[in-house]
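Enquirer: Single-letter residue listing:
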Amino acid sequence: MSTNGSKPKLALYWAASCGGCEIAVLGIGDKILKVDEVFDIVLWPVAMDFKLHSIEAMEDKSIDVCLFNGAVRTSEQEYMARLLRAKSKVMVAFGSCAHEGCIPGLANVTTREEIFQSSYDDPTTVDNPNGVRPQLETETDEGTLYLPMFYDTVRTLDQVVDVEYTIPGCPPESDRIWEALTAIIEGNLPEPGTVIGEKSTVCDVCPRVRTDKTIKEFKRTWEIEPDPEICLLEQGIICCGIATRAGCGALCPQVGSPCIGCYGPAEGVTDFGARMISALASVIDSDDPEEIDRIIQEGIPDPIGQFYRFGLAHSRLRRTAMPGANGHQPAEEEVTA
Amino acid sequence: MKRISIDPITRLEGHGKIEIFLNEEGDVANAYLQIPELRGFERFCVGRLAEDMPNLTNRICGVCPEAHHIAATKALDALFHVDPPPAAKKLREMFYSVFFATDHTTHFYALGGPDFVMGPDAPAAERNIVGVIKKVGMDVSAKVLKMRHDGHHLLKMMGGRPVHPNWGLPGGVSRGITEEQRQEIERLGREAIEFARFSIQLFNDVVLKNSAYVDLIVNDAFTHKTYNMGTVDANNKVNFYDGMIRITDPEGVEFAKYHAKDYQKHIAEHVEPWSYLKFPYLKDIGWKGFVDGVDSGVYKATPLSRLNTSDGMATPLAQEEYERMYDTLGGKPVHHTLATHWARLVELLYATERWVELASDPDIVEGPFRVLPTETPTEGIGQVEAPRGTLIHHYKSDERGVLTHINLVVGTTNNTAAMNMSVRKAAMGLIKKGEVVTEGLLNTIEMAYRAYDPCMSCATHSLPGQMPLEVTIRAADGEVLHQLEQFLPER
Amino acid sequence: MPDENFEPKIIGFFCNWCSYRAADMAGTARMNYEPNVRIIRVMCSGRVDPDFVMAAFAKGADGVLIAGCHPGECHYNNQNFKTMRRYALLKHTLRAIGVEEERIRLQWASAAEGAILARSIDEMVERVRELGPLNWPKQWEAPPEVEEAIKMMEAEHAEALEVTA
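Protein chains in written order, with this note's numbering: chain G, 1 to 337; chain R, 1 to 491; chain H, 1 to 165.
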């Protein structure tokens with residue numbers, strides 16, 4: 001993996017993300033020294049001072065591995081994705097944002113215009129009588145200042161560049177990160193195109209007891225105090241463990257909270273929401289269309305949030321209908337304010 | 001003019017770049033801290049389930065998710081008009097204290113600290129946590145790593161995961177702790193107090209005894225006389241979990257004190273076309289530009305601000321250090337931005353002491369740990385001090401608990417104007433005609449914002465704000481025909 | 001403003017035992033009905049994974065029709081009840097996403113009900129024709145300004161002064 005006997009180069013970059021993945025990397029503790037021993041870290045803005053121009057100056061494919069976390073929703077982030085793709089042999093979509101959009105990807109229920117309106121045009125606490133908006137170029141007395149372009153639609157890393165591997169999770173648990181780093185160090189990576197992680201669902205590793213599921217009514221988390229031993233879905237709480245890839249150790253159900261799906265879809269599942277629909281359809285205990293509708297309307301008031309919390313940007317449909325696209329209006333719903 | 005670009009800024013949470021313009025003579029004409037991102041949480045959370053907010057807002061920031069998680073949870077209590085049982089409140093505050101201690105540790109050792117331990121113009125490759133570990137040695141490093149490890153271990157024990165907990169509910173928390181866990185939390189808390197004292201000692205030895213650093217701290221290039229904001233308890237002592245918001249003026253005199261729900265009366269925001277981030281300022285003073293002083297509405301909400309606006313710390317060791325800091329720096333308030341690192345360590349000490357106070361309370365394991373809401377949700381505001389500043393979550397929902405409106409005032413956002421000013425002043429102070437601009441010099445300018453421990457992910461959630469409005473339409477005889485209301489805070 | 005020449009592309013998932021035979025029957029009886037449905041035969045309507053429906057829309061379909069045996073008559077006992085529930089959840093979700101309700105339809109038809117199936121197809125095609133093309137990939141298409149914005153970044157970086165260590 002190394003070139004000319006020098007240490008292999010590692011880059012860690014963040015696009016539209018929250019920093020949780022960096023904290024998870026720091027969560028490997030003193031093993032960070034091993035990483036530093038084995039690799040020459042050339043970019044890691046949260047922790048290290050390397051700047052953009054040093055990356056731009058590098059030869060193509062001179063970075064051995066790039067761990068890229070964060071989704072792509074500005075031209076700067078796309079620029080960085082392309083730049084790092086060009087300079088790296090192996091590109092890893094690190095964490096849920098890069099993999100499937102994660103929570104930033106929920107912005108795909110709205111548009112740039114709506115976000116800007118709610119930020120800058122609001123005529124009240126925002127004191128902006130001239131309707132100032134951030135501009136791609138601003139002329140100041142001293143010179144030109146640039147801002148990147150803000151997209152309507154959040155994209156995942158593999159929607160803008162080729163990606164060899166994906167490490168799922170929001171964030172990936174530190175132990176899983178160390179396993180992946182070890183695989184890289186030892187040259188033990190699977191086939192390109194693989195998601196590095198477990199194959200099955202959170203249910204498989206969850207310690208709660210499962211028997212039969214016959215749901216007459218879904219419950220919101222604040223409506224009941226669930227039994228700590230029994231499967232949450234059986235008690236009517238919508239737990240996304242049924243569609244979510246294992247890897248976290250089913251941590252949330254162990255503190256009494258349902259899985260929210262942060263590790264993304266299990267192996268073989270493309271659309272997380274489709275899998276949730278499939279699974280929930282099997283447990284709803286009714287054959288009467290009206291009753292079924294009632295159970296759904298009452299228990300799932302927010303299908304986008306409940307089914308696509310992390311994976312909207314990577315789902316089949318990727319976003320909700322843009323107002324006015326294709327010359328027709330989307331169906332009237334409480335999609336946006 | 002020539003333009004120097006520091007891109008990206010590093011050792012903070014989030015994205016940004018600094019653009020410095022040099023005039024013909026080689027002096028700095030101006031410098032701008034541009035933030036190139038925005039996420040739109042207040043827009044895309046509309047239509048979501050209210051109880052999802054502690055989990056959704058976690059992802060505003062992975063360094064301080066616990067701040068959002070708890071602020072969101074408190075907002076849910078208010079939204080659902082439910083009062084959690086005492087053990088739940090104590091647990092939440094204890095959890096919060098553990099988080100605060102861990103976060104401040106991360107900042108001091110991994111983000112801001114390397115500038116002091118390695119030196120601001122040490123080679124870039126060494127100015128980082130790895131460089132610090134190598135320089136201070138494995139003994140010291142082991143302490144730091146242990147603190148972070150213990151902190152995350154306890155956060156995971158209580159909240160489910162070390163990053164992005166899944167624990168808060170309207171009316172309480174999803175799970176309490178056992179007596180065994182309480183003992184472990186208390187034991188690790190006592191060790192954490194020792195670690196906090198050790199960190200202060202380290203700061204003393206490495207920074208305060210180094211005259212070059214002390215000069216940097218008190219240097220005018222890194223000094224701004226602005227208003228300060230923080231949360232205080234009933235005795236005007238610093239409290240991270242609950243209390244009233246207090247603002248003091250550049251001389252240290254109280255300017256305002258209010259409940260979080262009245263925030264819209266006190267804060268307004270300014271927009272510039274060269275940054276996605278907006279610039280909050282005090283409404284009563286007004287926006288006068290990126291300037292200091294009692295006539296400028298610019299304010300700061302940092303650890304130093306919290307210490308400046310309070311009358312002291314509520315725990316003994318932290319109070320001692322608070323007094324020592326102000327004695328050393330010449331009294332209150334202190335306006336030296338780099339002294340924020342010291343204030344942060346005072347807070348670290350307070351957080352660990354508070355952690356132990358709460359963990360030693362035997363009632364904290366006595367359930368129940370939640371009550372079920374019975375009332376229809378309407379509107380609620382939750383507030384905490386995030387490590388980086390005052391944090392407010394404000395929600396409105398329909399009768400099903402589906403959100404119709406969200407407003408967030410986030411810690412770092414409070415400081416955006418001050419950060420810009422700090423960067424500009426530092427650039428002007430350090431780059432003078434004829435000076436060779438080295439990479440180390442640029443890093444020293446970056447120290448100006450690093451002291452704020454910025455969390456740009458937090459700051460760029462976006463902040464719409466709405467004006468509370470009540471309109472009554474009367475007929476000529478005074479009869480009320482119609483009443484309109486929007487965004488009124490809870491009465 | 002629907003295009004006058006727009007012909008909806010509708011993907012049909014028809015179960016082998018009832019609805020596919022109903023379609024056959026409509027054909028052999030030379031019934032006239034709109035030709036817009038591309039029929040995919042599955043063994044049971046319960047085979048239709050919601051992902052198929054999402055994928056169809058994502059790849060450009062204007063509508064999706066699922067046809068199966070009447071409840072109580074499923075060849076594989078009761079799987080069409082699952083279809084019914086999945087369909088309810090799908091509609092609920094697609095509505096929130098902004099895909100109009102009329103673009104997805106569930107039709108029960110026994111092998112003898114070719115006429116019913118044909119009329120159902122006619123109704124759906126007419127309705128979708130009125131709605132216009134869905135063309136979902138357009139929702140996420142990147143506008144051409146993106147390339148310009150990226151070029152502007154390259155220029156901006158090149159313009160800044162070099163600073164040495």
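Note that these hints are calculated values from the structure, not bench results.
Predicted model only: the values in this text are computed from it and were never measured.
Check the hints yourself; a few may be wrong.
To be verified - Some chain H residues well away from chain G (every beta-carbon gap over 10 Å; in silico):
no.: 1; residue: Asp49
no.: 2; residue: Glu73
no.: 3; residue: Ile150
Stated by the list, open to error - Here are the simulated EDC-like cross-link-like pairs (lysine to aspartate or glutamate), alpha carbons at most 16 Å apart as the crow flies:
no.: 4; chain 1: H; residue 1: Lys91; chain 2: G; residue 2: Glu56
no.: 5; chain 1: H; residue 1: Lys82; chain 2: G; residue 2: Asp287
no.: 6; chain 1: H; residue 1: Lys151; chain 2: G; residue 2: Asp30
no.: 7; chain 1: G; residue 1: Lys89; chain 2: G; residue 2: Asp30
no.: 8; chain 1: R; residue 1: Lys143; chain 2: G; residue 2: Asp288
All C-beta atoms, glycine included, are put in the ideal place defined by N, C-alpha and C.
Enquirer: Could you tell me which of the numbered hints above are not met by this structure, giving the numbers in increasing order?
Expert: Of the numbered hints, 1, 3, 4, 6, 7 and 8 do not hold.
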